[in-house]
Amino acid sequence: MILCINGSDRDQHQDLMKAMYQQRARVFSERMKWDVVVRDGMEYDEFDEQNPLYLISVDDRTGRLRGSLRLLPTTGPNMLRDVFPQLLPSDQIIESPTVWESSRFSMDVEAMAPLPGRRVSYVTCELIAGITEISLKSGISHIVSVFDAAMYRVLKAAGAGPDLIGSGRKIGVCMTYAGLFEMTDDFLNAVCAAGGITGSVLQPQGALQNAAA
Amino acid sequence: MTFVPDLTHAASQEDGLFYDFIDRFDTLKTLPDCRALLYEIVREYGLSNAAYLGVNLPGVPRGQHFGIVTYSNEWVTRYIHLNYFRVDPVIPSAMRSLLPFDWSNVDHNNLELRRFFGEASEFKVGLQGLSFPIRGRLGETALFSVSSNLKDRDWATFRRRFMRDFQTLAFYFHEAVLRTETLLSENDIKLSRREVECLSWAAAGKTFSEIATILSLSERTVKFYLDVARVKLRSTNITQAVSKAATMNVIRPY
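Chains G and L are the protein sequences, given in the same order.
Counting in this note's numbering, the first sequence runs from 105 upward without gaps.
Counting in this note's numbering, the second sequence runs from 15 upward without gaps.
Please note that a few of the clues may not be correct.
Taking lysine-lysine pairs in the BS3-like style, the calculated list, with each CA pair at most 30 Å apart, reads [to be verified]:
hint: 1; chain 1: G; residue 1: 122; chain 2: G; residue 2: 137
hint: 2; chain 1: G; residue 1: 241; chain 2: L; residue 2: 165
hint: 3; chain 1: G; residue 1: 241; chain 2: L; residue 2: 43
hint: 4; chain 1: L; residue 1: 165; chain 2: L; residue 2: 43
Honestly, the hints are just simulated from the structure, not real lab data.
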């Protein structure tokens, strides 16, 4: 199940937020060797201060964190503009109220393993389906995101292959790319089929009601 | 080159309407132009009202709101007189949200709120509403709201059909308000020392990377200062910002 939490409401979800920052430290600092700042075992940056929307995958029964990502509109501060502009052709600016950025897509290694007979893990598909459901309800036409080569293969296997923009660069130990995902019903159906997902992945109550109702 | 998303989603008969509005934004020069366009959005989309509220706009003192609304003067007067900012639950809830905020999600369950919404309905604000939080490039925030008297089912259909239109119109409206000169008189434009330095070197024909070297800053920081200055100077590009700064005598020649 995917929970949607506005950054401004983070104090109401302190344990989950802490678990997410710790997981991000494991994923981005230890595993991917990105140059991120880890404090007290937690990774967070200035974009967490910009009131992003967090999508958090939790186990339906235990409520434990499985994976997460954050969304920011490209009209305000965002990573592609402010941190990774080298991934875009030199004069390209992505700034549109209907294009949002997904960043810090993360899960632990165990959650990356596909179930038998599947090519992509459930949590991967669940997170992508969550973004897509929210986008379709909120008037977001595209998601732009930065990802590494391994993730690119996973995305293609999930039926969610993006259009690459610009050329890749080596960041940390990984070749890193920027890509654009068009948010459509077909895209959602492909991702759900790849993950064996039926029905909505979003938690029925909470932040989403803002857009869904 | 700014990325232009594919907007072919819109229902075909409304496409023309949406694109007409998009084209119009460039022609808005003054706040009355913006206000007139807001009324046209209400009319053409068959809304009850529309409202724009800027919260931390550059040049507007902190804590001071900046609004353009189509509500009746009676309602606006009453709202301000009775300090309904204190009561109205939509604004703080929508401001905390990133996604479009439907007014039906606020709690109507106490007496004060029931009276507030009752009055709002008497003054024909619209029973249904949707507020679009806007995040600007300088970190400023604003809210663009549309309201309607459609029945629940028709409202749901209307929202699905026009969500992306309003998401886009909301942001363009915000940009148009920032661009208009009258919001901020030129005497009020305050550029920081770094912004003045960057603009001055840009005026002298230096590139971003040359300015970065001269001022011992990163190129990204230079771009940032110039971009902030550009918005403060209500300019669409750096060249225009430089020439405007020059005519205002805020930059010094090197």
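Each hint, compared with the structure:
Of the pairs offered as hints, the one joining residue 122 of chain G and residue 137 of chain G holds, with about 20 Å between alpha carbons and a cut-off of 30 Å not exceeded. Taking the CA atoms of residue 241 of chain G and residue 165 of chain L, the gap is about 19 Å. The hint holds against a cut of 30 Å. Straight-line distance between C-alpha atoms of residue 241 of chain G and residue 43 of chain L comes to about 33 Å, which puts the hinted pair past the 30 Å bound. Proximity of residue 165 of chain L to residue 43 of chain L is assessed by CA-CA distance (about 37 Å); at most 30 Å being required, the pair is judged violated.
Consistency with the previously given hints fails for numbers 3 and 4, ordered from lowest to highest.
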